[in-house]
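Residues per chain are reported as follows:
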Amino acid sequence: MRAPTIGIAIALAALAAAAGCTSTTVTRVPTEEQIDLSGRWNDTDSQQAAQALVDQSVATPWVDDFLLAKGEKPTLIIGTIRNKTPEHIAVKTLVADLERSFINSGRVTVVASSEEREDVRAEREDQQQFASDETVKAWGLERGADYMLIGEVNSQFDAEDGKEVKYYQVDCYLVDLESNVKVWTGFTKIKKFVGRSKYKP
Amino acid sequence: MLRANRSPGGRPLSALPVAALLLAAGCATYVASNLELRSQLEAGDWQAALARIEARKGGTDRLLQLLQRGHVLHYAGRFDESNTAFQQAEDLAASLYTRSISQSAASLIVNDLTVAYRGQPHELSMVPYYRAFNYLSLGDRDAAQVEARKATQALAGAVDATLREIERPEDREAARRLQDSGFLHWFAGLLFESDGAFNDAFVAYRNAARAYLAGGELTGVAPPAALGRDLERVGLTRGFASEVEELRAASPGLFPPPEAHQGSSPGGEVVIVLESGWVATRDQVMLNVPILDVDRSYGSTDDWAWELVNRASPGWSSSYDVDIEYWLTVAVPVMAEPTTGQATAVRIAAGQRAATSEPADDLSRRAVATFEAERGQILFRTFLRALAKYAAAEAAENEDETAGMIVNLLGVLTERADTRCWLTLPDRLSVARLRLPAGRQELRIEYLDPAGNVVASETETIEVVAGGFVFLNRRSF
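Chains A and B, in that order, give the protein sequences.
Under the working numbering, the residue at position 104 of the first sequence is numbered 114, and the numbers go up by one with no gaps.
Under the working numbering, the residue at position 384 of the second sequence is numbered 1415, and the numbers go up by one with no gaps.
These aren't lab readings, by the way, just hints derived from the structure by calculation.
In this text, a Cβ means the ideal position worked out from N, Cα and C, and glycines have one as well.
Accuracy of the hints is not assured; some may be wrong.
Per the computed footprint, the stretches of chain A lying under chain B, defined by three or more beta-carbons under 8 angstroms from a beta-carbon of chain B, are [stated by the list, open to error]:
hint	region
1	69 to 80
2	152 to 158
These stretches of chain B come out as covered by chain A in the derived footprint (C-beta under 8 angstroms, 3 or more residues) [as the list claims (entries may be wrong)]:
hint	region
3	1170 to 1184
4	1467 to 1478
If you want the ones that stay clear, here's a sample from chain B, every Cβ over 12 angstroms from chain A, calculated [claimed, not checked]:
hint	residue
5	Ser1133
6	Arg1162
7	Asp1191
8	Leu1194
9	Asp1226
10	Asp1231
11	Gly1284
12	Asn1319
13	Arg1384
14	Val1501
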């Protein structure tokens, strides 16, 4: 290597030093805007998976079968969605997205989860002492769910030479709480390609 | 590069001996200037250690700062914060796949410390291990399972990143040997089994057995007897009997003799990992390599640099009479000895039952193997830089002798070996297992020196659940 190469190297280093003088910028974006940074499971995946699963679920006969048999909308509780991937997935967000999509479908009634019920019961207990007789809510009138939604998120990742393919599959099952019969199973897939640049300035 | 030892007019040379004159390094290396961190941890002064790490944050050592911060916070019992630091480290390590052209250019004229530290395979693969313990301590068993699934992937990903930096086929082959870890598979298997995922656990145990068998020469660690018991326990009761028999036929030594069985009495399992000593680090030496009069004939600087790599290797000698034009002096890393912990094994006991740990992994030997695989490429970069500095000094000297001296001096002052590493990692890991009846148990933990003497002990109250696992980790400095 001779002097011209050194000159180029010095120029590049100087360029890099100048490029490094950046400050943090924050820009507000619409919450529905899809932004992928790392390629990991994110809010967009959660919303898309939940919507796809709920669309599948309410379009299948079990809802109408229940309506015919009982004359009312089925009541659901969202149970556990297990994360079986090597990524930390915010399962609570997925559960919330599923709840919202089910409620917004108008085809089913959704009751509070066991964790939420504890808070509601604490409030009801509080009412027994402090609320007026006209407004106090009675014990023993909670609506029991007919079905529980359970599921899991699985994944397969394949990586080579800075490129990665990420495949997620969310499987859900709707189980009759009285008979343990699975009345619906469904799944949705999300596939991502994550490319990384080999070089940057 | 030093030009002070130019040989005037060239000196006839026949059968030039290996020209590796090792001199004491003048400047403090990363390791030397951060060793206080180890003293602070030995003293249990987590705050001082964290303050020291924070004081040096930023720059090209950002990954090390995050790894060591996560590690110290783990020992300090600040598990949430430790996970945050480790997550940041994992994100940064992933982003460092993209090489900075400017940093690479700077490394060509300054030293390798101008390039962001990317982490070594045995370092990055320990992040899921510590994060799993963090989540277990926080009571988040699901998140610990995520770390179990990540553990071996992290190692494979880190080895891939290392391979990307290496050119010579023989070095790449050496790096590929680092791609698996029996301990990480085994640890993941134990976590899977603790969650009732028996299929995943058996697959992990089987992979652990294969990795231990294949990597024994690399780590010096034989498959632990407890792993054989795990394979039998899960394999024979969960429908993998034929796989167990295949393994037994291929590697009978994997399975303990019948008298060594602890039995499968109802109860739970205690797993304790002892992390002992300090991982082997890199040190700096100054290496003098001759530039010969015949070297001008090289077609490219790359070829010339690779020839200097050969010239710096043990056993090299010139096959014909040549003159030495210059002695290039470069700073190169070498591996230092690991520091053995005061306690190298642990004995756990409760009631009438007791068990002693078995060696499970040797991080220092992994560090050495990584260095051996990278050494050729490190030397190549070093000589490429030395030749560039030499060319710059020569060009300046042709214009003006003083300018030449200044450029040469700058070259010398900036010459430093890259000794960066995760300093706080242990030297070795060993694992003790004990099956105990369900219920509250007083677990006595005795720390043993290499001669088997008890150097310290403690008692921990644990809650054993039937069919469950209790995971503990301890550190001996």
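Results for each hint:
1. 69 to 80: Our answer is that it is violated, as 0 residues pass the Cβ test (under 8 angstroms) against chain B, missing three.
2. 152 to 158: violated (count 0)
3. 1170 to 1184: holds (count 7)
4. 1467 to 1478: With 0 residues close enough to chain A, the hint is violated.
5. Ser1133: Incorrect as stated: the minimum Cβ-Cβ distance to chain A is 2 angstroms, not above 12 angstroms.
6. Arg1162: The claim is violated: arginine 1162/B sits with its nearest Cβ about 9 angstroms from chain A, within 12 angstroms.
7. Asp1191: At roughly 7 angstroms from the nearest Cβ of chain A, aspartate 1191/B sits no farther out than 12 angstroms, so the non-interface label is violated.
8. Leu1194: 10 angstroms, violated
9. Asp1226: 10 angstroms, violated
10. Asp1231: 9 angstroms, violated
11. Gly1284: 32 angstroms, holds
12. Asn1319: 20 angstroms, holds
13. Arg1384: The claim holds: arginine 1384/B sits with its nearest Cβ about 34 angstroms from chain A, beyond 12 angstroms.
14. Val1501: Check passes; 22 angstroms lies beyond 12 angstroms.
The structure shown violates the earlier hints numbered 1, 2, 4, 5, 6, 7, 8, 9, 10.
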